[in-house]
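Q: Now for the letters of each chain:
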Amino acid sequence: EAGVVQSPRYKIIEKKQPVAFWCNPISGHNTLYWYLQNLGQGPELLIRYENEEAVDDSQLPKDRFSAERLKGVDSTLKIQPAELGDSAVYLCASSLGRGDYNEQFFGPGTRLTVL
Amino acid sequence: AQSVSQHNHHVILSEAASLELGCNYSYGGTVNLFWYVQYPGQHLQLLLKYFSGDPLVKGIKGFEAEFIKSKFSFNLRKPSVQWSDTAEYFCAVNEGTYKYIFGTGTRLKVLA
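Order-wise, the sequence lines are chains C and X. The opening position of the first sequence corresponds to residue 1 in our numbering, with each subsequent residue numbered one higher. The opening position of the second sequence corresponds to residue 116 in our numbering, with each subsequent residue numbered one higher.
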């Protein structure tokens, strides 16, 4: 069974440029999460989807970050415009259910460097 | 706010040494506890989890963790580490919701 797929794995952009990350969750997993992981820190939740609905986006900086999961499967996270402080690893995870008793499976992440 | 503390940021051990990584959390209610591992160049993987029952939890690759409610702790242990255990280890907590709170991680380096 394929795991959570993310692309690109690495992205280098200049500040003020837009960037987008893509995630394909494990087949059948209706809950999808985007996390931010800064260097030397643990992952922090940005947004959670139940199918196509964003049910918790309280930690998403909405002035520059946006996300979508139009058909309840793949998801895209976008930053526009990127700032130097956005350099981090962006992780996608998925689970069968709401995640409290269902294990979250993580993708390999996208490492973003903003110059 | 709920928090998770991993006091050992870097640990270096020789092969066959015993390992114990500390994890303390701040939430006073019922919690679910997890240890994740990230091997170099790989994604986060679940090592073990505790929801209820026996506070001594066995995970993959010979790892175990003990939940001590009175100490708000969930320390990870392995009697004899191997070079292949070199990785970063994250403790995580949730209080019965979807939201994991992760610790800052411990980088373990095992010398061959």
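One should not assume that every hint holds.
Derived CB-CB ranges, DEER-like [unchecked claim]:
#1 181/X / 63/C: 24 to 34 angstroms
#2 157/X / 27/C: 13 to 23 angstroms
#3 194/X / 78/C: 24 to 34 angstroms
Mimicking SDA-like on lysine to any residue, the simulated pairs with C-alpha atoms at most 20 angstroms apart in a straight line are [said to hold, decoys possible]:
#4 214/X / 84/C
#5 224/X / 54/C
#6 15/C / 54/C
#7 11/C / 214/X
#8 78/C / 103/C
#9 214/X / 56/C
#10 184/X / 135/X
#11 11/C / 155/X
#12 164/X / 174/X
#13 214/X / 89/C
#14 214/X / 114/C
#15 15/C / 56/C
#16 11/C / 158/X
#17 62/C / 112/C
#18 214/X / 112/C
#19 11/C / 96/C
These are computed hints drawn from the structure, not numbers from a lab. Since we're looking at a predicted model, the values are computed, not measured. The beta carbon of each residue, even a glycine, is placed where N, CA and C say it ideally should be.
Q: Hint by hint, note whether the structure agrees.
A: Okay, the hints, checked on the actual structure:
Between residue 181/X and residue 63/C, the C-beta spacing of about 44 angstroms breaks the proposed range 24 to 34 angstroms. The hint said 13 to 23 angstroms for the Cβ distance between residue 157/X and residue 27/C, and at roughly 21 angstroms that hint holds. Between residue 194/X and residue 78/C, the C-beta spacing of about 47 angstroms breaks the proposed range 24 to 34 angstroms. Restraint check for residue 214/X and residue 84/C: the C-alpha separation of about 27 angstroms exceeds 20 angstroms, so the hint is violated.
Straight-line distance between C-alpha atoms of residue 224/X and residue 54/C comes to about 39 angstroms, which puts the hinted pair past the 20 angstroms bound. A distance of roughly 27 angstroms separates the Cα atoms of residue 15/C and residue 54/C; the hinted pair therefore is violated under the 20 angstroms criterion. About 27 angstroms separates the Cα atoms of residue 11/C and residue 214/X, which puts this hinted pair outside 20 angstroms; it is violated. The hinted pair formed by residue 78/C and residue 103/C fails the criterion: a straight-line CA distance of about 26 angstroms is larger than 20 angstroms.
Our distance criterion of 20 angstroms between C-alpha atoms is met by residue 214/X and residue 56/C, whose separation comes to about 10 angstroms. With a CA separation close to 17 angstroms, the supplied pair residue 184/X and residue 135/X stays within the 20 angstroms bound. In summary, the hint linking residue 11/C to residue 155/X is supported, as the alpha carbons are separated by about 19 angstroms, within the 20 angstroms threshold. A threshold of 20 angstroms between alpha carbons decides the hint, and for residue 164/X with residue 174/X the separation of about 8 angstroms falls inside it, so the pair holds.
Of the supplied pair hints, the one linking residue 214/X and residue 89/C holds, its CA atoms being roughly 19 angstroms apart against a limit of 20 angstroms. For a cut-off of 20 angstroms, the pair hint linking residue 214/X to residue 114/C is broken: about 28 angstroms separates their Cα positions. Straight-line distance between C-alpha atoms of residue 15/C and residue 56/C comes to about 27 angstroms, which puts the hinted pair past the 20 angstroms bound. Distance hint between residue 11/C and residue 158/X is fulfilled; the C-alpha atoms sit about 17 angstroms from each other, no more than 20 angstroms.
This hinted pair checks out: residue 62/C and residue 112/C have alpha carbons roughly 18 angstroms apart, not beyond 20 angstroms. As the CA atoms of residue 214/X and residue 112/C are separated by approximately 24 angstroms, the hinted pair breaks the 20 angstroms bound. Restraint check for residue 11/C and residue 96/C: the C-alpha separation of about 29 angstroms exceeds 20 angstroms, so the hint is violated.
In summary, the structure is inconsistent with hints 1, 3, 4, 5, 6, 7, 8, 14, 15, 18, 19 from the numbered list given earlier, while agreeing with the others.
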